[in-house]
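These are the residues of each chain, in order.
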Amino acid sequence: MSRPLVVTRRMVDHPTDSHTLDRYQETGGYEMARRSLDMTRDEIVETVKSANLLGRGGAAFSAGLKWSFLAPDRPAYVVVNADESEPGTFKDRQLLERDPHQLIEGLIITSWANEANHAFIYIRGEYPKPARRVQQAVDEAYAAGYLGEGIFGTDFDLEVTVHLGGGAYICGEETAMINSLEGLRGEPRLKPPYFPAAKGLYMKPTIVNNVETICNVPHVLAMGAEDFKGIAHPEDTGTFLLSLSGHVNEPGNYELPHGLTWREIIYDVAGGIRDGNELKTWIPGGASAPWFVPSLHLDMPLTKQATADAGSMIGSGAVVVMDETTCVVRAALRLVRFFAHESCGECTPCREGAPWLEMMLTRIENGQGRPVDFDVILDVSDGISIGLEWPPKMTTICALGPSAVSPIISLRDHFGDEVVAHIEGGGCPFGRVEEEEVVA
Amino acid sequence: MTARETEGVLVTIDGKEVRAPEGELLIKTAEDNGTYIPRFCWHPRLKEVGMCRMCLVDIETPGGSMMVTACTNPISDGMVVDTKNDRVKKAQEAILEYLLINHPLDCPVCDRGGECPLQDQTMSYGPGETRFVEEKRHFEKPIPISDLVLLDRERCILCARCTRFADEVPGDPLIEFKERGYGTQISIFPNQPFSSYFSGNTVQICPVGALTATPYRFRARPWDLKAVESTCPHCTAGDRISIEASQNQVLRFLGVDVDATNRGWLSDKCRFGFEYLNSEDRLTNPLARQEGGTYEEVSWGEATSIIAQRFGAIREAHGGDALAVLGGAHGTNEDAYALSVFARDVLGTKNIDCRMDDALGTRLLTGIDRRARISDVDTAGTIIVWGPDLKEEHPTLYLRVRHAVQELGANLIVIHPRATGLDDRADLKITYRPGSGSDLLTQLRGGDRDDVNALLEASPVVAFVGRTGYTEGPTMAEAVASWILELEDSRVLPLARRANVFGALDMGVAPDLEPGRIAATETGRDTRQILGGLASGDIRGLLLVGADPVRDVPDGSLATSGLSGAEFVVAIDMFHNDSTAHADVILPALGFSEKEGTVTNIEGRVQKVNRIAPGSGQSRSDWSIIADIATALGSDLGWTSEQEINDAMMARVPAYAEASWDALDWEERDGVVVPAPGADVPVYRPEMTTQPTVGAELVLHSARKLYDDGVMMRKGPSLHRLAPGGFAHLHPDDARRLGARTGSAVRLVTKRGEAELPVQVDPSLHRGVVYVPFNQPGVGPLGDDPVVRVTAVGEPD
Ligand SMILES: Cc1cc2nc3c(=O)[nH]c(=O)nc-3n(C[C@H](O)[C@H](O)[C@H](O)COP(=O)(O)O)c2cc1C
Ligand code: SF4
Ligand code: SF4
Ligand code: SF4
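Protein chains in written order, with the numbering used here: chain U, 1 to 440; chain S, 1 to 797.
What the hints contain is simulated information worked out from the structure, not anything from laboratory work.
Just so it is clear, CB atoms sit at the ideal spot from N, CA and C, and this is done for glycine as well.
Errors might be hidden in some of the hints.
[Unchecked claim] The list that follows gives simulated cross-link-like pairs (lysine-lysine, DSSO-like), each with its CA atoms no further than 27 Å apart:
1) K393(U) - K84(S)
2) K47(S) - K393(U)
3) K178(S) - K199(U)
4) K16(S) - K28(S)
[Claimed, not checked] Partial list, derived from the structure: chain U residues whose beta carbon lies under 7 Å from chain S:
5) D139
6) A143
7) S343
8) C344
9) G345
10) E346
11) C347
12) R351
13) M359
14) G367
15) V376
16) I386
17) T395
[Claimed, not checked] Not close to chain S: a few residues of chain U, all C-beta gaps over 10 Å, as computed:
18) L190
19) T348
20) V372
21) D417
Kindly generate the complete structure, drawing on both the sequences and the hints.
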């Protein structure tokens with residue numbers, strides 16, 4: 001099957017040296033950045049908006065629309081969100097490591113379009129190699145006059161700072177990232193009033209975009225809005241990097257056009273389930289997303305709207321596939337534990353509620369569940385994410401708290417029997433070792 | 001302001017339509033209109049963080065109803081809010097349950113029990129029962145985070161009130177969250193205690209019993225406390241406090257949120273400076289000195305007759321002017337009025353002064369027409385502080401200025417011989433050498449400093465003016481005030497020590513003022529002249545009223561020689577002190593919280609002080625002691641209560657006409673600002689010479705710290721140990737020249753005293769200045785002459 005490639009084209013064609021400046025330029029790199037400096041800010045924002053380039057960090061929000069919200073106060077800043085820490089997500093890593101100049105070019109255009117003279121690339125601290133590659137590329141770009149003062153011989157100045165995170169998933173949330181960049185605790189800010197495009201880094205207008213979003217920008221301009229939209233699905237335009245993992249035969253990153261069905265993705269793209277096992281469930285869009293099951297969702301297309309209508313989200317593009325050998329209670333526990341562990345602790349429901357959920361799930365998995373426990377779990381979850389829906393009606397400051405509830409929504413909707421079997425059977429029917437509470 | 005801000009917008013809260021200014025926080029609008037929305041983290045004087053999530057409410061939006069925190073959402077026109085529907089109730093129950101699952105419920109032994117927002121809100125909004133069967137989170141408890149404050153992390157609900165206060169209000173960000181998620185906790189930084197002058201405020205605003213104060217811990221159950229509102233006795237700001245007592249013992253002061261003065265905040269000196277009231281060392285009976293210098297208890301009758309006999313004899317033989325009165329600035333206006341009348345009409349002396357030779361001229365203290373109000377700093381374009389370090393001597397004014405600069409955008413100019421607490425917020429800091437202030441002032445008046453001129457463009461100008469230290473004479477401040485008043489649209493607050501000094505001056509406890517700020521036809525002697533007169537024998541008899549000149553007068557040796565030279569000394573006081581040691585008769589006085597009356601603050605604001613405890617032994621009010629002595633001297637002043645004196649005072653001091661007790665008790669809870677007199681301080685041009693720095697390269701700068709060796713501190717165990725002790729601060733260049741360094745010792749010799757002190761190298765000083773904090777434990781007086789000789793002692797180790 002031949003698929004249109006946009007952001008991974010170069011690394012597929014030149015697997016050994018796609019990250020070098022020579023290869024980048026030899027394949028037309030930095031041409032679009034150079035040309036964009038002759039375009040007006042409005043022209044660029046308009047093009048990105050009408051191309052309907054959707055953010056790839058999780059919320060799938062139109063990048064052009066976000067840019068058009070930039071408040072007039074100056075200086076403005078651009079921040080690239082390269083914190084990629086959600087379990088199962090590893091797409092940005094490949095873009096950073098294998099094509100860092102593509103990111104820098106996108107960043108130059110984004111900064112120009114948003115009148116920013118200083119941009120930051122915030123890379124997750126556990127990504128040493130990607131960070132090295134990006135820093136090297138930034139250094140090369142400075143040396144070539146593509147960054148720094150008067151880039152490409154124009155009077156536009158652009159400084160780029162590469163910053164490494166300190167090991168907190170929450171710093172991927174854009175306002176926590178801004179706090180972290182300022183040297184403050186990695187805790188989200190209140191929205192309102194601190195929408196980054198209005199009051200972001202140092203309380204100045206700031207555009208935060210995901211790595212993949214920024215990497216798409218040069219291509220959107222090069223193709224033009226109409227052609228970009230023509231790649232695949234008319235609403236979910238362009239391509240989409242999926243990180244496929246779990247019990248599939250061919251896990252990995254795949255750049256796909258929107259609109260494929262889940263059956264195509266799991267069985268064709270990812271080569272089907274290991275050992276010929278049955279597919280049990282899958283996470284369609286990152287650890288925060290409520291799970292899908294074959295009986296309901298296998299022939300559904302992967303689009304933003306269809307996924308939302310089914311009560312989940314395309315999120316960060318991390319698909320985790322689980323086969324029939326999976327204990328879903330344990331899977332849910334591991335996810336809840338992740339969120340409880342990563343809670344920043346700023347707000348009460350997530351700080352106290354998520355660890356409580358972890359404790360109860362641990363007991364159930366270990367055979368100490370009580371008949372009331374699942375009701376308590378649902379009710380405690382309800383206090384974090386009222387109504388237990390997706391997108392959540394949250395009582396928390398940010399979406400991390402409700403993310404801890406997504407696995408529980410999934411248990412309730414699809415695997416209530418398995419929970420009951422744990423409680424009534426006095427342990428895990430899959431006969432596994434004791435789980436230890438980590439957070440508490 | 002837009003119409004929406006002034007007339008307000010229409011908001012519907014639980015079906016009720018209300019109007020409030022656009023942009024006001026929903027939680028406040030609701031509360032002002034009778035709907036209390038529960039909360040823990042929100043505090044009206046701190047920036048909102050929306051962390052605890054207790055105040056979630058539903059608002060209607062075009063996309064359906066939405067849950068928002070009322071503490072972070074400004075109201076807008078047409079907003080429709082539901083604070084009581086099922087979803088809101090579910091959220092409230094959930095939040096409380098989350099807060100309680102790990103809470104230790106130490107209520108029976110918790111200082112907060114009975115006045116605990118967590119208990120109260122659980123009653124009103126919480127789940128009835130607990131469903132948590134897991135192991136609770138444990139922390140070592142409690143841990144000290146400063147000399148005064150303990151932290152119990154198990155009780156903490158992580159609302160960030162304490163951390164926000166420390167960072168936003170006094171600018172002491174010494175406590176912070178550490179760890180994250182389930183392990184989040186309040187912490188200090190390694191080896192850096194939370195030693196803020198304002199730490200006690202965190203205990204007051206902590207919504208649970210996580211922060212407790214050592215002076216109050218385990219002392220009382222809130223339901224056993226009775227409380228009365230009063231005015232803080234520690235500085236001239238006139239801060240509003242609630243005095244709380246149990247079984248006749250004062251157990252704590254709380255700040256009361258009054259916009260006119262302290263907005264609820266207190267310094268730790270004010271908050272914990274009540275322990276002396278309960279001291280075992282309080283005087284309980286009149287004492288008369290015997291042959292050989294010991295004191296015997298005598299009856300009040302015996303004491304007054306001895307006094308009448310001796311004062312009478314001196315008056316007879318040498319005239320009334322052979323008698324003098326010192327003190328009266330710690331009491332009430334009623335006490336001060338009685339004292340003034342007694343001195344002038346009974347003793348027949350004009351030698352009376354409530355200032356301890358550390359203040360300013362009465363013209364500056366009482367005579368400014370354009371005297372500022374504290375709240376004027378909120379609207380100031382530029383604030384000038386040329387006087388004592390506000391953080392050390394007027395702590396709540398320090399907070400007010402900080403707020404005005406930090407949050408309201410005022411310019412700030414600080415002029416002082418060394419670092420002050422406000423420097424980090426100052427747009428311009430000028431450091432100068434004491435003695436050269438006139439040169440600097442000449443430059444400023446001449447418009448020679450562009451940096452100052454530029455800042456002064458922003459008006460109105462509000463200036464705090466006083467003596468930066470005791471080696472700088474009072475005329476300097478008067479000259480500064482004159483310059484300020486030459487500026488257009490400017491106001492001045494003159495700074496002086498002792499809580500009721502302004503009231504006492506208004507009542508004529510001054511050699512050149514009669515009651516009602518009337519210039520005396522004949523001027524008597526001020527404190528310095530009285531002490532000199534006692535030493536030389538011109539003055540023979542002295543009445544001390546709550547005054548300790550040996551400790552308080554900058555030239556302590558002058559005070560000692562004066563008191564030793566006196567023929568007969570009477571002291572009305574609460575304690576033995578270095579000055580009462582020279583007294584022939586000592587009379588036990590009631591203290592603050594043991595008497596009722598009025599006091600007058602720096603702005604001329606008259607407020608009530610109220611009684612809650614009976615006082616020790618046979619202690620009595622100053623006025624009643626004075627009235628008895630008057631009677632024994634043959635003049636019945638006819639007073640039988642404070643109220644009667646107040647009536648007499650109002651008749652004689654028309655400026656106080658609006659400030660009757662009734663008005664203050666019932667209508668004017670924030671006090672009444674009495675009218676200013678009709679004339680500005682005339683423009684006063686000091687001689688533009690610098691003070692001499694003869695022979696020596698160094699001049700002395702001597703100024704107070706918040707905690708010192710005053711008797712109220714000495715008798716309060718919690719605070720006295722916080723006094724930093726004696727140090728000689730030297731500029732690095734001077735230290736190098738002298739062969740001294742931090743930790744080594746130097747010897748200081750002035751005209752009036754000497755001391756050997758450890759050195760602290762202090763780059764904030766102007767070169768050529770040695771700074772020694774005034775009245776620290778173990779350090780004798782160095783006097784107020786600027787010339788000092790400094791030599792290194794021994795080898796620096
Ligand atoms: C808890 C949490 C973690 C997040 N982590 C990431 C992340 O690792 N990378 C990312 O790009 N966006 C992350 N986001 C989303 C960002 O807040 C933000 O929406 C995104 O960076 C915007 O970029 P986009 O518009 O290009 O998607 C996270 C959000 C939340 C609530
Ligand atoms: S929901 Fe969790 S991660 Fe988000 S702000 Fe609250 S405590 Fe922090
Ligand atoms: S803070 Fe103290 S009084 Fe309040 S609930 Fe906790 S233990 Fe009880
Ligand atoms: S110690 Fe008190 S004020 Fe500070 S965060 Fe904890 S509960 Fe809040």
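Go through the hint on I386(U) and say holds or violated, using the shortest Cβ distance to chain S against 7 Å.
holds (6 Å)
**Request:** Beyond 10 Å from every chain S Cβ: check whether that's true for L190(U).
**Result:** violated (5 Å)
Is the interface hint for D139(U) satisfied, with its Cβ closer than 7 Å to some Cβ of chain S?
-> violated (33 Å)
Checking one constraint from the list: CA of K47(S) to CA of K393(U), max 27 Å. Satisfied?
holds (25 Å)
ask   = Are the Cα positions of K178(S) and K199(U) separated by 27 Å at most?
value = holds (26 Å)
Problem - Given hint C344(U) near chain S, where the shortest CB pair must fall under 7 Å - result: Since the shortest Cβ distance to chain S is 5 Å, the answer is holds.
Hint check: is the beta carbon of R351(U) less than 7 Å from a beta carbon of chain S? holds (6 Å)
Quiz item: Is the nearest CB of chain S more than 10 Å from the CB of V372(U)?
Solution: Answer for V372(U): violated, closest chain S Cβ roughly 8 Å.
Given a cut of 7 Å on the nearest C-beta pair, is the interface hint for S343(U) held or broken against chain S? holds (4 Å)
Minimum Cβ distance from A143(U) to chain S below 7 Å? Hint on A143(U): violated, closest Cβ of chain S at ~39 Å, above 7 Å.
| request: Mind checking the alpha carbons of K393(U) and K84(S) for me, to see if they're no more than 27 Å apart? | output: holds (17 Å)
Supplied contact hint for C347(U), tested at 7 Å Cβ to chain S: holds (5 Å)
Going down the numbered hints, you'll see the structure goes against 5, 6, 14, 18, 19 and 20, while the others check out.
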